[in-house]
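Enquirer: Given next are the chains, with one letter for each unit.
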Amino acid sequence: MSAPNDPYDPKEVAALSTDELAAAQRAALAAFEAATDLDQLAAAHSAHLGNKAPVALARRELGALPPQARADAGRRVNEVLTALTASYEAARTGLEAARDERVLIEEAVDVTLPWDMTPPGGRHPLTLVQERTSDVFVAMGWEVAEGPEVEAEWLNFDALNIPRSHSAREAQDTLWLDPPDGGVLLRTHTSPVQLRALLARGAPCYVVVPGRVYRQEALDATHSPVFHQLEGLAVDEGLTMADLRGTLDLFAESMFGAGVRTRLRPDHYPFTEPSADVDLLCWVCHGSSTEPGAEFCRTCRSEGWIEWGGSGMVHPVVLQSAGVDPDRYTGYAFGIGMERTLMSRHDLADIRDLVEGDVRVTTALGREA
Amino acid sequence: MRVPMSWLRDYVDLPSDIASREVADRLTMAGLQVERVDVVGAGISGVVVAQVVAFEAVEGQKKPIRWVTLNDGSEERQVICGATNFDVGDVIAYARPPATLPGGFEITARKTYGHISDGMICSGRELGISDDHAGILVLPSDLTLGSDVVAALDLRDEVLDIAINPDRGYALSVRGVAREVATSYSLPFRDPADVEVPTADGSAYDVRILAPEGCSRYVARTLSGLRAGAASPSWMQRRLTMAGMRPISLMVDVTNYVMLATGQPLHAFDRAKLAGPIVVRWAAAGETLRTLDDVDRALDPTDLVIADDSGPIALAGVMGGAATEITDTTTDVVLEAASFDAVSVAYTARRHRLGSEASRRFERGVDNDLAAAAAQLALSLMAELGGGTSTDAATDVDRRPAAPTIVLDPELPGRIAGVPYPSTTVERRLADIGCSVTAAPGRLEVTPPSWRPDLKIPVDLVEEVIRLEGYDKLPSTIPKAPAGRGLTRPQRLRRMIGRTLAAAGYVEVLSAPFVDLDSARRLMVDASDPRVPSVRLANPVSEEEPYLRTTLLPGLLAALARNVGRGMVDVALFEAGPVFRARAEALPPPSLPAGQRPAAADLAALDNALPEQPGRIAGVLTGARVLAGWWGPARSASWADAIEGVRELAREVGVEVTVTADTHAPFHPGRCAALHVGSALLGHAGELHPRVTEAFGVPARTVGFEISSDVLIAAAPEVAPTPVVSAYPPATIDIAVVVDAAVPSAAVSDALRDGAGKLLEAIRLFDVYEGGQVGDGKKSLAFTLRLRAPDRTLTAEEAAGVRESAVAEAQRRVGAILR
Numbered sequence: 000m001s002a003p004n005d006p007y008d009p010k011e012v013a014a015l016s017t018d019e020l021a022a023a024q025r026a027a028l029a030a031f032e033a034a035t036d037l038d039q040l041a042a043a044h045s046a047h048l049g050n051k052a053p054v055a056l057a058r059r060e061l062g063a064l065p066p067q068a069r070a071d072a073g074r075r076v077n078e079v080l081t082a083l084t085a086s087y088e089a090a091r092t093g094l095e096a097a098r099d100e101r102v103l104i105e106e107a108v109d110v111t112l113p114w115d116m117t118p119p120g121g122r123h124p125l126t127l128v129q130e131r132t133s134d135v136f137v138a139m140g141w142e143v144a145e146g147p148e149v150e151a152e153w154l155n156f157d158a159l160n161i162p163r164s165h166s167a168r169e170a171q172d173t174l175w176l177d178p179p180d181g182g183v184l185l186r187t188h189t190s191p192v193q194l195r196a197l198l199a200r201g202a203p204c205y206v207v208v209p210g211r212v213y214r215q216e217a218l219d220a221t222h223s224p225v226f227h228q229l230e231g232l233a234v235d236e237g238l239t240m241a242d243l244r245g246t247l248d249l250f251a252e253s254m255f256g257a258g259v260r261t262r263l264r265p266d267h268y269p270f271t272e273p274s275a276d277v278d279l280l281c282w283v284c285h286g287s288s289t290e291p292g293a294e295f296c297r298t299c300r301s302e303g304w305i306e307w308g309g310s311g312m313v314h315p316v317v318l319q320s321a322g323v324d325p326d327r328y329t330g331y332a333f334g335i336g337m338e339r340t341l342m343s344r345h346d347l348a349d350i351r352d353l354v355e356g357d358v359r360v361t362t363a364l365g366r367e368a
Numbered sequence: 000m001r002v003p004m005s006w007l008r009d010y011v012d013l014p015s016d017i018a019s020r021e022v023a024d025r026l027t028m029a030g031l032q033v034e035r036v037d038v039v040g041a042g043i044s045g046v047v048v049a050q051v052v053a054f055e056a057v058e059g060q061k062k063p064i065r066w067v068t069l070n071d072g073s074e075e076r077q078v079i080c081g082a083t084n085f086d087v088g089d090v091i092a093y094a095r096p097p098a099t100l101p102g103g104f105e106i107t108a109r110k111t112y113g114h115i116s117d118g119m120i121c122s123g124r125e126l127g128i129s130d131d132h133a134g135i136l137v138l139p140s141d142l143t144l145g146s147d148v149v150a151a152l153d154l155r156d157e158v159l160d161i162a163i164n165p166d167r168g169y170a171l172s173v174r175g176v177a178r179e180v181a182t183s184y185s186l187p188f189r190d191p192a193d194v195e196v197p198t199a200d201g202s203a204y205d206v207r208i209l210a211p212e213g214c215s216r217y218v219a220r221t222l223s224g225l226r227a228g229a230a231s232p233s234w235m236q237r238r239l240t241m242a243g244m245r246p247i248s249l250m251v252d253v254t255n256y257v258m259l260a261t262g263q264p265l266h267a268f269d270r271a272k273l274a275g276p277i278v279v280r281w282a283a284a285g286e287t288l289r290t291l292d293d294v295d296r297a298l299d300p301t302d303l304v305i306a307d308d309s310g311p312i313a314l315a316g317v318m319g320g321a322a323t324e325i326t327d328t329t330t331d332v333v334l335e336a337a338s339f340d341a342v343s344v345a346y347t348a349r350r351h352r353l354g355s356e357a358s359r360r361f362e363r364g365v366d367n368d369l370a371a372a373a374a375q376l377a378l379s380l381m382a383e384l385g386g387g388t389s390t391d392a393a394t395d396v397d398r399r400p401a402a403p404t405i406v407l408d409p410e411l412p413g414r415i416a417g418v419p420y421p422s423t424t425v426e427r428r429l430a431d432i433g434c435s436v437t438a439a440p441g442r443l444e445v446t447p448p449s450w451r452p453d454l455k456i457p458v459d460l461v462e463e464v465i466r467l468e469g470y471d472k473l474p475s476t477i478p479k480a481p482a483g484r485g486l487t488r489p490q491r492l493r494r495m496i497g498r499t500l501a502a503a504g505y506v507e508v509l510s511a512p513f514v515d516l517d518s519a520r521r522l523m524v525d526a527s528d529p530r531v532p533s534v535r536l537a538n539p540v541s542e543e544e545p546y547l548r549t550t551l552l553p554g555l556l557a558a559l560a561r562n563v564g565r566g567m568v569d570v571a572l573f574e575a576g577p578v579f580r581a582r583a584e585a586l587p588p589p590s591l592p593a594g595q596r597p598a599a600a601d602l603a604a605l606d607n608a609l610p611e612q613p614g615r616i617a618g619v620l621t622g623a624r625v626l627a628g629w630w631g632p633a634r635s636a637s638w639a640d641a642i643e644g645v646r647e648l649a650r651e652v653g654v655e656v657t658v659t660a661d662t663h664a665p666f667h668p669g670r671c672a673a674l675h676v677g678s679a680l681l682g683h684a685g686e687l688h689p690r691v692t693e694a695f696g697v698p699a700r701t702v703g704f705e706i707s708s709d710v711l712i713a714a715a716p717e718v719a720p721t722p723v724v725s726a727y728p729p730a731t732i733d734i735a736v737v738v739d740a741a742v743p744s745a746a747v748s749d750a751l752r753d754g755a756g757k758l759l760e761a762i763r764l765f766d767v768y769e770g771g772q773v774g775d776g777k778k779s780l781a782f783t784l785r786l787r788a789p790d791r792t793l794t795a796e797e798a799a800g801v802r803e804s805a806v807a808e809a810q811r812r813v814g815a816i817l818r
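Chain order of the listed sequences is B and Y.
Numbering of the first sequence is given in numbering that gives the first Met the number 0, commencing with residue 0 and proceeding in unit increments.
Numbering of the second sequence is given in numbering that gives the first Met the number 0, commencing with residue 0 and proceeding in unit increments.
No lab work stands behind these hints: they were computed from the structure.
Incorrect hints may have been included.
[Unchecked claim] Just the calculated beta-carbon pair ranges, DEER-fashion: (1) A348(B) / D299(Y): 54 to 60 Å; (2) M116(B) / R818(Y): 32 to 38 Å; (3) V658(Y) / M116(B): 35 to 41 Å; (4) G256(B) / Y727(Y): 52 to 58 Å; (5) R818(Y) / A46(B): 36 to 42 Å; (6) H345(B) / L626(Y): 47 to 53 Å; (7) G256(B) / D661(Y): 35 to 41 Å; (8) P291(B) / G485(Y): 32 to 38 Å.
Only a predicted model underlies this, so the values are computations on that prediction, with no experimental measurement involved.
Cβ coordinates follow ideal geometry from the N, Cα and C atoms, glycine included.
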């Protein structure tokens, strides 16, 4: 090793010779190229670019050179260093990329494996259809009214203009609380809630009433003693039967899709006058299955229309029962069976599937928004 | 009401190219719902008129069998016949091979009873024209032999089967339906009741109405020299059969026929069996009557009866009495055509469970102008067909009120319909249904026809106008409702609760709320517990479940058992809904009139008459809560899942639940938690008592919860408290303490929380250890506490200070020792 004050002797600093540097560069490039993994490359780096590598040693010799020689030698050393560093970086980048690729491949998993740790839950389709139908009316500015399931006879019958002698009050239709003449019953429709709403709010009043109702009926494929209705009531100045029709049309479309409208058919209910049954244009065939030669429609049995519910203009006696002046206000009301709506939508043949709580039915149908 | 088209065409001249189906559609859209159009006489071919030439008995058979020779007009044929109600010379219906009978039965020659039977002789039932199968059908002797029976008997017909609403009593007659058809097609209507009746002079029979509120009119006519045992003619039997009534005897058939034709029920008394005048009165207490069906009936003072000197002889408008019944030997009859009160008949029919064709009509209102004409029609038919002699003697006790007049604003129908109708349209439509209309400026004075007692107030007339103009012609408009406030808070919260439970793996069920008294015993609740069913139904759907539920658990457990039974063994179910509890101080509801807003006190009294109906939410779980999978083994649903279920749904609505150990049926006494919100009891959760799971047939270790939705919803904060969000770093410290094994972890956690003070941001129990290192009867609980200050980074000294005070508080409260 030379001391700074040693006289200049080019022969003694062979490390700086062009040949030596070129040899060191060749050896280094070969080593970097030969490295097949990052460990080998690191070893090559330490051997050829480390502190004790020939190029490092050569660089250290630069200080001993006289100024005129230092510039030239320094430039050559730097050129070699730059080239080697670039070569090393290129090799490292290549090897790292290869490693990353290999690791990610090794870490691959079977993404089709199940992760069904907990059996799925779900809400009852009847709950969902009640929410959905309610929301249609809430969007129009109506409100959702509620009332008790055990109800007073006056609200369930008398106030609704159902005469004392009407057969609906008989024990074969209505479930009465003990004692049988006690005037308390399981509501047979959601109409008493309409009356409660009207009593509480007065006119104008736009409410929709989803809820559970009861009839004296044995459970079979098409009947249940417990079922669900959605009733609507609008009382305001100047309401007409055309408004009733338009409201039902909009409701039908929102439940069953564009183009599905309703048909009103004269019927009789004590609490409405005029009264009408509501038929729904078959939402599957849109009535086309009634054409001669058309394919049979299971949903409407090729009748084109599906019976959906009852409706009408609120009877003056009902308005008076709630203290609303029938000379100033008119109203309309309708009631739709929720089970029927669901069974029609899903082609369900047996109402018991909705009653028994089989999780297969609920988790399958309780998925609609 | 079943209306044969051929009968309908007697009263309205329908063009022959109008199909029955089209008439049915028109009627349906006019409010008479045609449920079916039945085709009768269809499917018959090869049946001809033939005459019996000779017959001989086939010997050696258990029942009489005849080998019959027939003349079918062109040749002689021989058939086997099992009937004996015919003689040589009778004309019969002969199914001549190849023939077809209704139902697609092919008739060919076949060997039977040792002969080749070349076809068969038909009964009325085999031809589908009556119910009679006792013998073969003997035809009128004037028919041409060999002619087709379908044509010869005019068998082909179509019958409209119409569901009649309670307000349309007039349509329970061919007359009423024909009138609607005539209106619908703008065709003239021929009224069958338009007959001449003799002037009533009271001479037919002495009749006294002592109950005018129950009977507004009573017409009596008489007939003598009758052959009551004669059969009615085949055309009448056929019409009765098609209309759904069974032909019985001439007298019965004629009264039924006239009733079907006009809608007026009639009754005939055997004059010889009457004692003294006919009296219409209310029954006296203690009176009895044996009705035509041979049942002795105890009468109620609200039963309207027809009586004579012997006492009641008929239940007015419902059923006649056995003592005055027409028999085959009857020669003289008194015919009754009356107008009875609808409500009275309805009550009597129901009280005695005696619905009849007559009561059905009276209940819906019978045209009170019809009695005299209907009696005349029946009398003429009886005289003509039964050979009797009628006279013009007529009794007609008439107490009918004057027909009401309704004042109608001619614009009202248009205002209600939403489309204007000219006054002339309104007048024409009202005239169509038989009203007499007088137009005055700005008002119409309308007198409804006698057959429309349902038309009482202006809107009743409005419905008639709109339905005849056509509901399908109404425009479709949407009213603009005032702005609404959306769902109420409880409504939104209930939806959130349902969604939360569903997301947590619970499946919703909606059980019928009916239970038996024994369900309380199976739930192991005390006799004094409010969950003992207390609301009983007077007429339950099933006598096995006559009570309303006081808890949701029995319904849920039944659904759970059903699912497990069907192989769905890992199940979580929930239900939300009301339960029913009798009010201790309940009074019967006040009796209030319709059409009048009750006073506030009366409305409150109505509500107070109802049982309490608080809301509940309950859930049950069984089987695996975490299923076995490639991630590891299954974890069974446990008491902790049930409690967590409540915590989850409470958390979702912003409510924090406090859990304490409790002993409460139907739960395992050592695995039951009481859940509180503040000081209010929310409900209970835990593992079900082994005897309860056994009693309900659900798997052992089924767990569940039941809480009050009312308490939960009341506790849900309207505005959630805003957290202090500090950006300074947290200090996390772990504290492990040893306590007696009986000390609830919640007590330790609460003590640490309170001791840690306001620097504590969160505390979480992360380990529970019981074993040798902590000693018998002890357990170690390890908590992580996250501390944070709102305004600075905490120092190590501050964190140590918190640890110290937390442990000190735990030691003070529950004797906790730092591990």
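Enquirer: So, for every hint listed, does it hold in this structure?
Expert: Comparing the hints with the structure gives:
1. A348(B) / D299(Y): 54 to 60 Å: 45 Å, violated
2. M116(B) / R818(Y): 32 to 38 Å: 33 Å, holds
3. V658(Y) / M116(B): 35 to 41 Å: 25 Å, violated
4. G256(B) / Y727(Y): 52 to 58 Å: Because 56 Å falls inside the window, the suggested range holds.
5. R818(Y) / A46(B): 36 to 42 Å: 55 Å, violated
6. H345(B) / L626(Y): 47 to 53 Å: 28 Å, violated
7. G256(B) / D661(Y): 35 to 41 Å: 52 Å, violated
8. P291(B) / G485(Y): 32 to 38 Å: 49 Å, violated
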